[in-house]
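Peer 1: Protein chains in written order, with numbering that gives the first Met the number 0: chain A, 0 to 231; chain B, 0 to 205.
Honestly, the hints are just simulated from the structure, not real lab data.
Just so it is clear, CB atoms sit at the ideal spot from N, CA and C, and this is done for glycine as well.
Heads up, some of the hints might be wrong.
To be verified - Have a look at the derived ranges for each label pair, beta carbon to beta carbon:
hint : chain 1 : residue 1 : chain 2 : residue 2 : range
1    : A       : Gly63     : B       : Asp59     : 21 to 31 angstroms
2    : A       : Gln197    : B       : Val165    : 47 to 57 angstroms
3    : A       : Thr56     : B       : Asp160    : 43 to 53 angstroms
4    : A       : Ser5      : B       : Phe57     : 42 to 52 angstroms
Said to hold, decoys possible - Quick look at which bits of chain B chain A covers, simulated, 3 or more residues with Cβ under 8 angstroms:
hint : segment
5    : 10-23
6    : 77-90
7    : 102-108
8    : 190-199
To be verified - Partner residues are not named here, just some residues of chain A that face chain B (Cβ under 8 angstroms, in silico):
hint : residue
9    : Val6
10   : Pro9
11   : Phe10
12   : Asn12
13   : Val20
14   : Arg22
15   : Asp23
16   : Ser107
17   : Leu131
18   : Pro148
19   : Arg174
20   : Arg178
21   : Arg181
22   : Pro225
What follows is the residue order along each chain.
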Amino acid sequence: MLNPVSVSDPFQNAFGILTQVARDRGRVYRWLALGFYAPDNELVTALQEGTLKGELTQATAWLGMDQRPLLDSLDEMNAHATASLPELQDAYEALFGKSVSRIAARESAYLWRSVTHPADAAGELNQALVNLYGQYGLKPQAGAEDSLPVQLEFLAYLCQLETQAWQAGTSSTARELRRQERAFLTDHLGRWLPEFCQRVEERALPSFYTAVSAFAFRWTKLEYGPGYSSLS
Amino acid sequence: MTKRLVMVIDLQACTGCNTCSVACKQENNLPDGVWWTQVVTLGDNGNDSPAGEYPNLFMDYLPLGCQHCVNAPCVEVCPSGATAQTEDGLVIQDPTQCGGCRYCMLVCPYTGVRVFAGETLRYSLPFPTGDNPMIHRPFTVEKCNFCAHRLKRGLLPACVDSCPMVARTFGDLGDPNSEVSKLLRERPHFQLLVENGADPSTFYLT
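In isolation and in its complexed conformation, chain A is listed as follows (with noise of 0.2 angstroms):
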């Protein structure tokens, strides 16, 4: 007698891969804030002892073949795990602290390239980006609605909604969600980051920064798919 095959439901075995998909897309988001923050006791443990570079790795490891840019990334900010925690604030200092050549981590610096006014521009899009948090029941810190690790800590919190969607099962609020985070790459992140990164790179002897730029940037262009604008 022959045993009949054991048929599964083929979107539930799908909500289960991209539950843990949007779980490690989230864990990126959120490791890409605590980079951008200022250094802290938590970033030089998680570069010390190596979480920062496993975190990472895992939760990338789903890109296959594409993750092997990120791995070199990873390899250069590895480079810098026996940072003290003062050479990290003075790096974070010298590159996105109070000096004249400081360079900007937030949107707003950056409107100048799409609008003829750039500080009444900079009020409206604050207020945009306070309403969007606001949608999702969030509110950042008055004064940094358009700063970077605000915006990825955003983006993070979108990913965790999705892995609590798939999970659930429901697929159509996973996928408007996904839509989500693509616009906000669209409308926001995916339209200053890739110069940010590129100031970086440019004006920094190496240092975590330059590597966690590069890593952010390599990122984005994937998350963000066709379309990314590449300054260099």
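Following the hints, put chain B in place on chain A, whose structure we already have.
Peer 2: Here is chain B on its own, set in the frame of chain A:
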């Protein structure tokens, strides 16, 4: 019965010549390194490598492309609508809609039937080939569309038309008098990975 377009591939007839792969590449103007259909060697590792020890060698061929599943997980998860199913069962992929998220690739039960087009698309010939008007875009996912553009003109998919061994048959499984229905009634056959429940529309005659 509902129209369901399927591909039937006779593994007894297939000689692994890869004419189907080349015809597909030409018809769809596929960039270098992009293949929508390939012939996999069942034997040792590598193309045309038999398994076993002489004189007891074994080698077979398995033409492989998108299986156009009825319960296609790729369609269910695509956030941009680039992957869609037509009423007659084709699973089509439109690179102009594709956001490059690769979710379709990740959930596809079959490895290697989709290709993620790289950053730079290169072509061996300085002019486009074939009749598929599709524009290939970097950072998008591509796959076999069963030559939907040819079907609209009453033609068969390029791989079917070009097979010198007439190993491929294409038609409507919903029509009991179609060639594919007859073949599947008369010949033993299988579908790949039925246990996944995707119900593929590619059948292999043994």
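Peer 1: Each hint needs a verdict: does it hold in this structure or not?
Peer 2: Consistency of the hints with the structure:
1. Range check, A:Gly63 to B:Asp59: about 27 angstroms between beta-carbon atoms, so the 21 to 31 angstroms window is met.
2. For the pair A:Gln197 and B:Val165, the beta carbons lie near 56 angstroms from each other, so the given range of 47 to 57 angstroms is met.
3. At about 46 angstroms, the beta-carbon gap between A:Thr56 and B:Asp160 stays in the expected band of 43 to 53 angstroms.
4. The beta-carbon spacing between A:Ser5 and B:Phe57, approximately 28 angstroms, falls outside the hinted interval of 42 to 52 angstroms.
5. Given a C-beta distance limit of less than 8 angstroms, the hint that chain A covers the segment 10-23 of chain B is violated, as 0 residues qualify and 3 are needed.
6. Residues of the segment 77-90 of chain B lying with their CB closer than 8 angstroms to a CB of chain A number 3, which satisfies the three-residue condition for coverage.
7. By the rule of at least three residues with a Cβ nearer than 8 angstroms to a Cβ of chain A, the coverage given for the segment 102-108 of chain B holds, with 4 such residues.
8. For the segment 190-199 of chain B, the assignment as covered by chain A holds, since 5 residues bring a beta-carbon within under 8 angstroms of that chain's beta-carbons and 3 suffice.
9. The restraint placing A:Val6 at the interface with chain B holds, with a minimum CB-CB distance near 4 angstroms, inside the 8 angstroms limit.
10. Annotation: interface hint on A:Pro9 holds; nearest CB of chain B at approximately 4 angstroms, less than 8 angstroms.
11. Annotation: A:Phe10 was flagged as interfacial toward chain B, and the flag holds, the nearest CB pair being 5 angstroms apart, inside 8 angstroms.
12. At about 7 angstroms, the closest approach between the beta carbon of A:Asn12 and any beta carbon in chain B falls short of 8 angstroms, and the interface hint on this residue holds.
13. The interface hint given for A:Val20 is met, as the beta carbon of that residue sits about 6 angstroms from the closest beta carbon of chain B, less than 8 angstroms.
14. At about 13 angstroms, the closest approach between the beta carbon of A:Arg22 and any beta carbon in chain B exceeds 8 angstroms, and the interface hint on this residue is violated.
15. A hinted interface residue such as A:Asp23 counts as satisfied when its beta carbon comes closer than 8 angstroms to some beta carbon of chain B; here the least separation is about 11 angstroms, so the hint is violated.
16. Restraint check, A:Ser107 versus chain B: the minimum CB separation of about 26 angstroms is more than 8 angstroms; hint violated.
17. With a cut of 8 angstroms, the hint placing A:Leu131 at the interface with chain B is violated, because the nearest CB-to-CB distance is about 18 angstroms.
18. Annotation: A:Pro148 was flagged as interfacial toward chain B, and the flag is violated, the nearest CB pair being 23 angstroms apart, outside 8 angstroms.
19. With a cut of 8 angstroms, the hint placing A:Arg174 at the interface with chain B holds, because the nearest CB-to-CB distance is about 4 angstroms.
20. Here the hint on A:Arg178 is kept, as its CB sits about 5 angstroms from the closest CB of chain B, short of 8 angstroms.
21. For the restraint placing A:Arg181 at the interface with chain B, the shortest Cβ-Cβ distance is roughly 5 angstroms, inside the 8 angstroms limit, so the hint holds.
22. A least Cβ separation of about 5 angstroms between A:Pro225 and chain B falls short of the 8 angstroms threshold, and the interface hint therefore holds.
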